[in-house]
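Enquirer: What follows is each chain in one-letter form.
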Amino acid sequence: MNIITPVLQARNISKIFPGVIALNEVNFNLLPGEIHGLMGENGAGKSTLIKCLTGVYSPDEGDVIYCDNRVFFSSPLESSKAGISTVYQEVNLIPTLSVAENICAGRQPLKKGIINWTFINAHAKELLAMLDVDIDVSASLSEYSTAIQQMVAIARGLDLEARVLILDEPTSSLDEEEARKLFAVIRKLKNDGMGIIFISHFLDQVYEICDRLTVLRNGEYIGEYEIGELSKHELIIKMLGKDLAQFEYRSSKNTVNKKSDKKTFYRVKGLSKRNGVLPFDLDLREGEVLGLGGLLGSGRTEIARLLFGIDKPTTGNASVWGLSGFIKNPKQAVDKSFGFCPEDRKVEGLIPDLTIRENIILALQVKHGLFKYLSVKKQKEIADMYIKLLKIKTPSSEVSVSKLSGGNQQKVIVARWLAANPKFLILDEPTRGIDVGAKVEIQKMILEFKDQGMSILFISSELDEVVRCSDRIAVLRDRHKIAELCGDDISSSTIMYTIANANTNASANTNANVSVNCNSGGQNEAEVES
Amino acid sequence: MNLRLLQFKSLKSYIPLFSTIAVFFAIYAMGAVLYGLNFISLRVFLNLFLDNAFVGVIAVGMTFVIISGGIDLSVASVVAFVCILAAKLMEVYNMNPFIVMIISLGFGAVLGTTMGSIIYFFKVPDFLVTLVGMFLCRGLAYMVDVRSIPIRNETFVNLNTIAIRFPGGARLPLVAIVFIVVWFMGIYLAHFTRFGRNIYAVGGDEKSANLMGIPVARTKILVYTMSSTFAALGGLLYANYTLSGYAAAVLGLELDAIAAVVIGGTLLTGGVGFVEGTMIGVLILGLIQTLISFQGTLSSWWTKIIIGLLIFWFILLQRFLSRTPKK
Chain A
1 MNIITPVLQA
11 RNISKIFPGV
21 IALNEVNFNL
31 LPGEIHGLMG
41 ENGAGKSTLI
51 KCLTGVYSPD
61 EGDVIYCDNR
71 VFFSSPLESS
81 KAGISTVYQE
91 VNLIPTLSVA
101 ENICAGRQPL
111 KKGIINWTFI
121 NAHAKELLAM
131 LDVDIDVSAS
141 LSEYSTAIQQ
151 MVAIARGLDL
161 EARVLILDEP
171 TSSLDEEEAR
181 KLFAVIRKLK
191 NDGMGIIFIS
201 HFLDQVYEIC
211 DRLTVLRNGE
221 YIGEYEIGEL
231 SKHELIIKML
241 GKDLAQFEYR
251 SSKNTVNKKS
261 DKKTFYRVKG
271 LSKRNGVLPF
281 DLDLREGEVL
291 GLGGLLGSGR
301 TEIARLLFGI
311 DKPTTGNASV
321 WGLSGFIKNP
331 KQAVDKSFGF
341 CPEDRKVEGL
351 IPDLTIRENI
361 ILALQVKHGL
371 FKYLSVKKQK
381 EIADMYIKLL
391 KIKTPSSEVS
401 VSKLSGGNQQ
411 KVIVARWLAA
421 NPKFLILDEP
431 TRGIDVGAKV
441 EIQKMILEFK
451 DQGMSILFIS
461 SELDEVVRCS
471 DRIAVLRDRH
481 KIAELCGDDI
491 SSSTIMYTIA
501 NANTNASANT
511 NANVSVNCNS
521 GGQNEAEVES
Chain B
1 MNLRLLQFKS
11 LKSYIPLFST
21 IAVFFAIYAM
31 GAVLYGLNFI
41 SLRVFLNLFL
51 DNAFVGVIAV
61 GMTFVIISGG
71 IDLSVASVVA
81 FVCILAAKLM
91 EVYNMNPFIV
101 MIISLGFGAV
111 LGTTMGSIIY
121 FFKVPDFLVT
131 LVGMFLCRGL
141 AYMVDVRSIP
151 IRNETFVNLN
161 TIAIRFPGGA
171 RLPLVAIVFI
181 VVWFMGIYLA
191 HFTRFGRNIY
201 AVGGDEKSAN
211 LMGIPVARTK
221 ILVYTMSSTF
231 AALGGLLYAN
241 YTLSGYAAAV
251 LGLELDAIAA
261 VVIGGTLLTG
271 GVGFVEGTMI
281 GVLILGLIQT
291 LISFQGTLSS
301 WWTKIIIGLL
311 IFWFILLQRF
321 LSRTPKK
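Protein chains in written order, with the working numbering: chain A, 1 to 530; chain B, 1 to 327.
Because the hints were derived from the structure by calculation, they are not lab data.
Take the hints with a grain of salt, since some may be wrong.
To be verified - Here are the simulated DSBU-like cross-link-like pairs (lysine-lysine), alpha carbons at most 30 Å apart as the crow flies:
(1) A:380 x B:123
(2) A:423 x A:328
(3) B:123 x A:181
(4) A:377 x A:328
(5) A:328 x A:391
(6) B:207 x A:125
(7) A:388 x A:331
(8) A:238 x A:393
(9) A:111 x B:207
(10) A:444 x A:393
(11) A:331 x A:403
(12) A:269 x A:331
(13) A:188 x A:263
(14) B:88 x A:403
(15) A:423 x A:263
(16) A:393 x A:403
(17) A:388 x A:377
(18) A:328 x A:393
(19) A:377 x A:391
(20) A:444 x A:380
(21) A:403 x B:123
(22) A:444 x A:403
(23) A:391 x A:378
(24) B:207 x B:304
(25) B:304 x A:81
(26) A:269 x A:238
(27) A:125 x A:232
(28) B:123 x A:393
(29) A:391 x B:304
(30) A:81 x B:88
(31) A:238 x A:125
(32) B:304 x A:393
(33) A:181 x A:263
What the hints assert, rightly or not - One side of the interface only, derived from the structure: several residues of chain A facing chain B at Cβ under 8 Å:
(34) 58
(35) 60
(36) 62
(37) 83
(38) 89
(39) 92
(40) 93
The beta carbon of each residue, even a glycine, is placed where N, CA and C say it ideally should be.
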């Protein structure tokens, strides 16, 4: 094995950000014709290592060796010209350009000094066809869903005559079918002799596709392993540095499952939004976690946005704490002590240039009103408390949020809403793109806050997670609420079964039936009609 | 032209451009109905190009700056400085007009590159840097001379006589020809060169563009180089058009240029825009002025009011278009 020389190598790389050692003497060897998994928790330094390899950052110490030469890439442009093609974690494309142009941007083929648009469109179509994506490549990228955008980003990565392909969380927005297509393409590239670095939080996918693994933890190099010599269990221990037993945190939901004492505080009836969701009823109760189960695009986020007043409903009515009427805008929601952690932290949540403290304090300040300014000292206290509580990895509360890793950014958003001490918190995909350890922590947090009487609406693509955290689950399919499950009915298989078997046309009835069934144990549900 | 462009962009993104064209024809038709054949004569039409040449050239540069996500407030002052400098050099120091042109354009290029570099490397907001440029150039213009300097240099004045002549006495003079050439250069640059496409990419999302390996630094700086150079060219056109140099000339012209860009369908947020549209925007501004001068009794300030309303309409239109569902 060692006779083959690595195509890309990192030797004793260190990278220090103000106050944080992001990488400490990390080694990494990528052989040609292998798929190499780069594993580690959030903040372990995976993305930083990738950025050091591709010239986004320059390492403070150590060497990058590419094709037997020591290289110093000063920008992603240089590394991509040298043949290292990278698909970054967040979709990094230009939303205002067309799909085809996003694939070819920066290296458009010229014909007599003129960009050859016919060729670009045909070429883009061809590349996307490899991934079984058939879309209008001349439409602007922003018109497509995140999953398609991710496919476009990958197609762009495939486009180069590359010797190394780096995929940072390429499957986070893809469903199983799409991921499978991607893997087929990756395997083909591997057989052509390309070296591929694969980063994913889905352990199953890592084990399905990778040949070798390199594990990082807290910026330290832990080791390099053949996939066969390391079980998943061992891998997790290596990534976390602690034993798996800690994961077996069971919620208290089975013991306090008497719904009878839970008061409904927010009730909506027949709420719908054109092009968003079809009419649905929903009761939110104090001290309860309501999960929204359903596939991507089934209307989960749309419901959350309606409930928080971000979007205006087309039909329906609502009552909040006894007062009837919708929540018309997020300000009203905040006034009613609601909180909302949006799905796409990059776009909707954080203000990257502000510090952690400022980001955390934002919602609280809104609640206090513009004129009751919180002193910086007080702000610091609050920020420090949540940094400790949520274990946000940072040297101080005064670091700008853009310097944090993805998982830690996610925690800052959660902290922001917790600081406002909400009575009702909407968490839309709070665990997307973060690792196992942080996921468990966030889940634990959800249950703890529930036990303190907070009501939570929890949205996640991972059914297991929804099942683990929720007291009740509203099941969605194709923008319909098709059922509501509670108690012993809650399991991944019931949800799957419900989604698979629901008759969409009869959904209104199904909805009512299951609701009644579900409410039989409760008291104050007598008003539920139909 | 536009049909060709449709091949690589979906139809929807062209709605702002089509509506600009529609507005142009609507105003034109209105003039025809009110003032008959005089209004739609070739001479009036060609005069649009002459009278608005300097605005048009500046607006092309401005379009690229705005597409890149920036703004350039210095252009009007650059025009004033260049035209008074050119007048002074030719009249007082008897310099060869062609050397004066080279100096002027060189000044524009250096100024733009400097502003662009400051904006990019020191991360200073474009608004402030070009505001400094605006004050600096206006001040420099008064330093050259506070009085108006008439230009009598024979070679320079005679450039005026170069023209394409049409039957019926209508002519397209050099100033207007330069404008049209710059316009087509702009279209070529925007759609068919990598540099042009990089401007769109940088304006769409600078961070992503960097990660995609697009030369962000070079693109951003060159955009300002281009804008100031076009502004300097605009100054020369203005000097040739008015045959004088005056430090207080064209106050507020940068806003006219921005107005033309917005009416032409370019988004101030960057990433989306049309050089074609900008030109039609410039022609619309000119057409409104022509209409008001034909009318005769209205104050020329009505031009401003109508432009204000038009901008308002286009902003609403763009809001409406960009609000369509994304998923």
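Enquirer: Now, for every hint given, state plainly whether the structure supports it.
Expert: So, going through the hints one by one against the coordinates:
1. A:380 x B:123: With a Cα-Cα distance of about 28 Å, the restraint between residue 380 of chain A and residue 123 of chain B holds, given a limit of 30 Å.
2. A:423 x A:328: Within the cut-off at roughly 18 Å; holds.
3. B:123 x A:181: Roughly 42 Å separates the two Cα atoms, so the pair is violated.
4. A:377 x A:328: 34 Å, violated
5. A:328 x A:391: 35 Å, violated
6. B:207 x A:125: 26 Å, holds
7. A:388 x A:331: Distance ~28 Å between residue 388 of chain A and residue 331 of chain A Cα, so the pair holds.
8. A:238 x A:393: Since the Cα atoms of residue 238 of chain A and residue 393 of chain A sit roughly 19 Å apart, the hinted pair holds (cutoff 30 Å).
9. A:111 x B:207: 29 Å, holds
10. A:444 x A:393: 18 Å, holds
11. A:331 x A:403: Holds, at roughly 29 Å.
12. A:269 x A:331: Holds - the C-alpha atoms of residue 331 of chain A and residue 269 of chain A are around 22 Å apart, at most 30 Å.
13. A:188 x A:263: 57 Å, violated
14. B:88 x A:403: 54 Å, violated
15. A:423 x A:263: 13 Å, holds
16. A:393 x A:403: 11 Å, holds
17. A:388 x A:377: Since the Cα atoms of residue 388 of chain A and residue 377 of chain A sit roughly 17 Å apart, the hinted pair holds (cutoff 30 Å).
18. A:328 x A:393: The given pair, whose Cα atoms are some 36 Å apart, is violated under the 30 Å limit.
19. A:377 x A:391: 21 Å, holds
20. A:444 x A:380: 25 Å, holds
21. A:403 x B:123: 18 Å, holds
22. A:444 x A:403: Holds, because 26 Å separates the two Cα atoms, which is no more than 30 Å.
23. A:391 x A:378: Holds - the C-alpha atoms of residue 378 of chain A and residue 391 of chain A are around 20 Å apart, at most 30 Å.
24. B:207 x B:304: 38 Å, violated
25. B:304 x A:81: Violated, because 50 Å separates the two Cα atoms, which is more than 30 Å.
26. A:269 x A:238: 49 Å, violated
27. A:125 x A:232: Not satisfied, since the Cα-Cα distance of roughly 38 Å exceeds 30 Å.
28. B:123 x A:393: Given that 30 Å is the threshold and the Cα spacing comes to 28 Å, the pair holds.
29. A:391 x B:304: 58 Å, violated
30. A:81 x B:88: 50 Å, violated
31. A:238 x A:125: Judged against 30 Å, a Cα distance of about 42 Å means the pair is violated.
32. B:304 x A:393: 56 Å, violated
33. A:181 x A:263: 47 Å, violated
34. 58: 14 Å, violated
35. 60: Violated. Min distance 21 Å.
36. 62: 22 Å, violated
37. 83: 12 Å, violated
38. 89: This hint is violated: residue 89 of chain A lies away from chain B, its Cβ roughly 10 Å from the closest one there, beyond 8 Å.
39. 92: 4 Å, holds
40. 93: Cβ of residue 93 of chain A sits 6 Å from chain B, so the hint holds.
Violation of the numbered hints given earlier is confined to hints 3, 4, 5, 13, 14, 18, 24, 25, 26, 27, 29, 30, 31, 32, 33, 34, 35, 36, 37, 38; the remaining hints are satisfied by the structure.
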